[in-house]
Amino acid sequence: MSASATTPRGAAPTAGRVSFPATARVLVQLAWARTRSPVLLLGIGVLVLLPMFFAVVFASRGVLSGDPVEFLVRRYDELVCALATPLIALLFGTSAFSAEADDGTLLYLVTTTTPRWWIVAVRTLFASVLTGAVSAFAVWGTGAIAVGSSDPEHITSAFTLAVFYGGATYAALFTALALLTRRALVSGLVYVIFWEGVLSGTFPALQYLSVRQWMLAVAAEFTDASDARLTSGPSVWFALGASVVLVLFTVYVGGRRLHQPRIGRVGT
Amino acid sequence: MSDATAGRRATPTPAGGSVIHDLGYRRYEGPRAGVREARRALFWQGFRALFGLGRPAKSKAIPVFVLIVTMLPSLASVVASGASNGQVPVNYAALIAGQTLLFVLFMAAQGPELMSRDQQHRVLPLMFTRTVTRSQYAFVRWLSVFSAVLCVALAPLLLLWIGQIGVAKDPAAAFTTVGPRIGPVLLLATTMAWVIGNVGAFLSSLSPRRAYATAAVIGSFLVCIAIGSALRDLAGLSYYIAAYVDQIEGMRTVAFILFGETTRGIELHPPPPVWTFLLTEFAVGAAGLAGLFWRMRRVDA
Chain Z
1 MSASATTPRG AAPTAGRVSF PATARVLVQL AWARTRSPVL LLGIGVLVLL
51 PMFFAVVFAS RGVLSGDPVE FLVRRYDELV CALATPLIAL LFGTSAFSAE
101 ADDGTLLYLV TTTTPRWWIV AVRTLFASVL TGAVSAFAVW GTGAIAVGSS
151 DPEHITSAFT LAVFYGGATY AALFTALALL TRRALVSGLV YVIFWEGVLS
201 GTFPALQYLS VRQWMLAVAA EFTDASDARL TSGPSVWFAL GASVVLVLFT
251 VYVGGRRLHQ PRIGRVGT
Chain D
1 MSDATAGRRA TPTPAGGSVI HDLGYRRYEG PRAGVREARR ALFWQGFRAL
51 FGLGRPAKSK AIPVFVLIVT MLPSLASVVA SGASNGQVPV NYAALIAGQT
101 LLFVLFMAAQ GPELMSRDQQ HRVLPLMFTR TVTRSQYAFV RWLSVFSAVL
151 CVALAPLLLL WIGQIGVAKD PAAAFTTVGP RIGPVLLLAT TMAWVIGNVG
201 AFLSSLSPRR AYATAAVIGS FLVCIAIGSA LRDLAGLSYY IAAYVDQIEG
251 MRTVAFILFG ETTRGIELHP PPPVWTFLLT EFAVGAAGLA GLFWRMRRVD
301 A
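Residue numbers (the working numbering), protein chains in the order written: chain Z, 1 to 268; chain D, 1 to 301.
Rather than coming from a laboratory, the hints here were simulated on the basis of the structure.
Heads up, some of the hints might be wrong.
Claimed, not checked - Have a look at the derived ranges for each label pair, beta carbon to beta carbon:
(1) D:Phe-43 with Z:Glu-70: 50 to 56 Å
(2) D:Asp-170 with Z:Val-39: 43 to 49 Å
(3) D:Ser-238 with Z:Val-39: 45 to 51 Å
(4) D:Gln-45 with Z:Arg-25: 45 to 51 Å
(5) Z:Phe-137 with D:Ser-238: 31 to 37 Å
(6) Z:Phe-249 with D:Glu-29: 55 to 61 Å
(7) Z:His-259 with D:Glu-267: 55 to 61 Å
(8) D:Tyr-239 with Z:Phe-238: 35 to 41 Å
(9) D:Val-35 with Z:Val-198: 28 to 34 Å
(10) D:Ile-241 with Z:Ala-33: 27 to 33 Å
(11) Z:Phe-238 with D:Ala-83: 38 to 44 Å
No experiment lies behind these values; they were computed from the predicted model shown.
The C-beta atom is built at its ideal place from N, Cα and C for all residues, glycine as well.
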């Protein structure tokens, strides 16, 4: 799989051993350079601040607001798990590879001696950690604003963990999409809106193939709350196993895919 | 059509004193069609691009997907109604309510095809130095988007309406009872095209990168939905506040009121008059159109 065995011809320098940490740093720098656009960061900021805004409203109304656990479960499920986390993962996961495939610079990346599975693995890790951290921050901030540090029924800590896990899974899924399709953003949106939004509601069996439900399963494991949203759906072991499979699938198929990189419109 | 040919004959020589300079390129001896034909060509190019016509099969994926997914439930509903001799009612609003987001998806995927690509490939200077002015360009592009979204939004509703008359035992009698529903059908589809098309066209014209434009369109509508549904949960606020903030919810509410169908929420909370929603939606769409013209006046070309 690796392309490190180059044959030196004439006076050409021989390729040394690939330094995994050094290539990882360069790959992350390249990805970050593609991600760091003001528009994109603004969008992510709005998605993170949205649940916190409702927490402020909730906190400002005091006892009028009602049960904090029910409020938090609803906000976490509808605003974070269903909206913020997938969209953040979509932006982080597709930005680097899509932009590089579009302007043809992916070729320069692939023709180095870095193993291709390592390129995909680093990019997946980059998107996963960023998405997980940002979404977990949104969850933690919402909980902290709404109920302070009391954390009733471990709801905030459970969802912080679950959303970190879910964000990482989503990011792996969308990194794979960015490598497999040309229009990764639109395909990812179809998945989020149509698959998780419309079809999962109609066909309960699809809950086993929905990252959102996996996230809720993980959250249900760590909380004492018994909300109807948390008690249905797959078990936590199924969810964890499924995301491990998904991450391995991304690294393997993505690495295979980079053997025939698409070269887009070079020079635009 | 006859207008176009008349225009063509009327301007055999350069109009408005413009001259084609001979730079040694291939010559053009044919008739010069004039500004009307330029706008017509621009409109059809845009309309076809929105459905991916004349492009490879991959470009048609999203339009075809949206059309199939929105029309299949309509077809199933009509078939169920026909098979049960009209025992199963045809619910227009309940059907269209689940599909509004797919129209937004169509807009988000296909709108940037027009708005962003012209900026990305730097063809705007070619247009603006000729007979098509900036505001004409904005208007024609808007017209393409509006008509395309109107077609997509109208298709499932029209299928329901024609189907309901078609499967009836006595089509003539069915026409007198169901026929007047064409009013709400047209009004609802126009409202959807006005809001989704105008706002989507404006948002997708903001970025020359297609991916960002797509994210902007879908993200704005999704964030509005989230805000609306969260506002609805806050005790003490009106049940319909969400329908004014979130235009998708607003159009669903309009659909339920126009077709006289109810959900549990609407039964519990009597809705305000329908014109308040329509006015809000008209204002939002008008703001989108104004934004598009504003953007086209100052875009780099």
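Here is how each hint holds up against the structure:
1. D:Phe-43 with Z:Glu-70: 50 to 56 Å: Cβ of Phe-43 (chain D) to Cβ of Glu-70 (chain Z): about 52 Å, so the range 50 to 56 Å holds.
2. D:Asp-170 with Z:Val-39: 43 to 49 Å: Cβ of Asp-170 (chain D) to Cβ of Val-39 (chain Z): about 58 Å, so the range 43 to 49 Å is violated.
3. D:Ser-238 with Z:Val-39: 45 to 51 Å: violated (34 Å)
4. D:Gln-45 with Z:Arg-25: 45 to 51 Å: Since Gln-45 (chain D) and Arg-25 (chain Z) have Cβ atoms about 46 Å apart, the given range 45 to 51 Å holds.
5. Z:Phe-137 with D:Ser-238: 31 to 37 Å: holds (33 Å)
6. Z:Phe-249 with D:Glu-29: 55 to 61 Å: holds (60 Å)
7. Z:His-259 with D:Glu-267: 55 to 61 Å: For Glu-267 (chain D) against His-259 (chain Z), whose Cβ atoms are near 60 Å apart, the range 55 to 61 Å holds.
8. D:Tyr-239 with Z:Phe-238: 35 to 41 Å: holds (38 Å)
9. D:Val-35 with Z:Val-198: 28 to 34 Å: violated (44 Å)
10. D:Ile-241 with Z:Ala-33: 27 to 33 Å: violated (42 Å)
11. Z:Phe-238 with D:Ala-83: 38 to 44 Å: holds (39 Å)
Taken one by one, the earlier hints fail for this structure at numbers 2, 3, 9 and 10, listed in ascending order.
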